[in-house]
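Asker: One letter stands for each residue in the lines below.
Protein chains: 4
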Amino acid sequence: MDGYNFYHPIEVRYGDLDPQGHVNNAKYFTYLEQARVAYIIHLGLWDGHSFFDIGFILADAHLTFKTPILFGTNVRIWVRVSQLGTKSLTMEYRMEDAGDGHEFATGDAVLVTYNYHNGETIPIPDEWRQIIVEFEKIPSEN
Amino acid sequence: MDGYNFYHPIEVRYGDLDPQGHVNNAKYFTYLEQARVAYIIHLGLWDGHSFFDIGFILADAHLTFKTPILFGTNVRIWVRVSQLGTKSLTMEYRMEDAGDGHEFATGDAVLVTYNYHNGETIPIPDEWRQIIVEFEKIPSEN
Amino acid sequence: MDGYNFYHPIEVRYGDLDPQGHVNNAKYFTYLEQARVAYIIHLGLWDGHSFFDIGFILADAHLTFKTPILFGTNVRIWVRVSQLGTKSLTMEYRMEDAGDGHEFATGDAVLVTYNYHNGETIPIPDEWRQIIVEFEKIPSEN
Amino acid sequence: MDGYNFYHPIEVRYGDLDPQGHVNNAKYFTYLEQARVAYIIHLGLWDGHSFFDIGFILADAHLTFKTPILFGTNVRIWVRVSQLGTKSLTMEYRMEDAGDGHEFATGDAVLVTYNYHNGETIPIPDEWRQIIVEFEKIPSEN
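Protein chains in written order, with the numbering used here: chain A, 1 to 142; chain B, 1 to 142; chain C, 1 to 142; chain D, 1 to 142.
The set of hints was computed from the structure by calculation and includes no laboratory data.
Treat the hints with care, since some could be wrong.
Which copy is meant is left open, because identical chains are indistinguishable; a pair holds if it fits in one copy or across any two.
[Unchecked claim] Derived lysine to aspartate or glutamate pairs resembling DMTMM-like cross-links, with alpha carbons at most 25 Å apart: (1) K66 / D108; (2) K66 / E92; (3) K87 / E103; (4) K66 / E120.
With the hints as extra help, turn the sequences into a complete structure.
Answerer: In structure tokens:
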């Protein structure tokens, strides 16, 4: 996907469906969360084990639903960081059909860098900033 | 709550919590959904039984997380319709502690009026428009 | 309910339903968990806050489904401890309609007393044993 | 796995975890459901699309938890039908680590053949019986 360097595949579960026969709206956020966690593990920003060492907390979530997701679909979730602030970053998502590429939803989120041990926000560590900038080829003035 | 005429209470379940020890972000959307459905039943826009007769589909969801929700909290979710379009409406939410009133999150959503039997969008029925306008005291030019 | 001294009410959420239009089987276990946690808080065996101080881990779960649970139903879950071993106890459940009392499901579980801080099983503390025996009027030879 | 001819892989989601830091007990039943549905699709007993044409309803579920499932694990769920009755069948499960094969849980379930269109139980159709007997190599006297 143009502008994205990472995706995570999701298997739709029967348990994700609601009485309308498609994936329930709240499960989209579970899918995005899974892709987001996979992204931060992929970039080496979290070890995948010590939950209080996850350095991010969700501050804002936004999603636009385009077409329903049906059982049996293979979902592909593209993830990228589009902006880096002092203590927060903006993440963007595109959810699509892994088969024919058609779009299910697009979204974005604001993540705040956070220390779960003491419940305080922290500046984005320089090392993380560098890793993300390089991975995403974000222009340095951001 | 100023500007809101309806709320729905939610009991936090142990099953809503994640390894960070607070309510998982995706569950906020389950809570909002529950409040939204309670609202449309309260206004008589759905009977609560025939799922393909729910006349709304979610097109857009947005949520700003303020403070974590802990186990044992009684959550109150205020719901209102703030705008009525031709085939869609805007809903607003405030999630707060039913005890001390402090804010957990605020959000909004766009719902499109929809016929699940044939998968097509429909104009907001006049009767629904009238019910919502009266309930919410929305100025008539909306 | 004869033989039970504790129940917990559950509100069915739209998000608990599956494409068959009734509460999904896995959600029954979420309901039982909520009732189980309410029970151990009610008896003063857990403070409701420090998750690594919950002194129980689930070893076995069994449920017999009688009639589907529909949206709009008020569910009542009766909980009791029926047997106390050295390092485990047996819990029994009855899920019913809070309105007309008809049975949705019955089940039982084995809980092992457990120290989450070091991941080891522990004997049931004498104090807990005494509290449970008194609450449940379990004959002392158990 | 000896005695099993089918398995389904499950990716553990962050959203499956609870405050104890491992997969929540109710999610095991979501995993089993996913494997069960995959099994009936694999054998051609359901098309994967028309939910009211799923010919089974869960009557009984039982699970023994052996070791916790951690984030990052690849779960493999073995499924087999071990017994065929007139209007019901017994399914058995083994949940294991796809990496080193160690056992997470074992379980069984009773499924009743069911017509969701009219809410009535039905005898196991002869064609289904034949397909299952052949797939599982169940001795014919069962």
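Asker: For every hint, state whether the structure bears it out.
Answerer: Each hint, compared with the structure:
no., hint, in the structure
1, K66 / D108, "both (14 Å within a copy, 17 Å between copies)"
2, K66 / E92, "both (16 Å within a copy, 20 Å between copies)"
3, K87 / E103, "between (31 Å within a copy, 22 Å between copies)"
4, K66 / E120, "between (36 Å within a copy, 13 Å between copies)"
Checked against the numbered hints given earlier, the structure satisfies every one of them.
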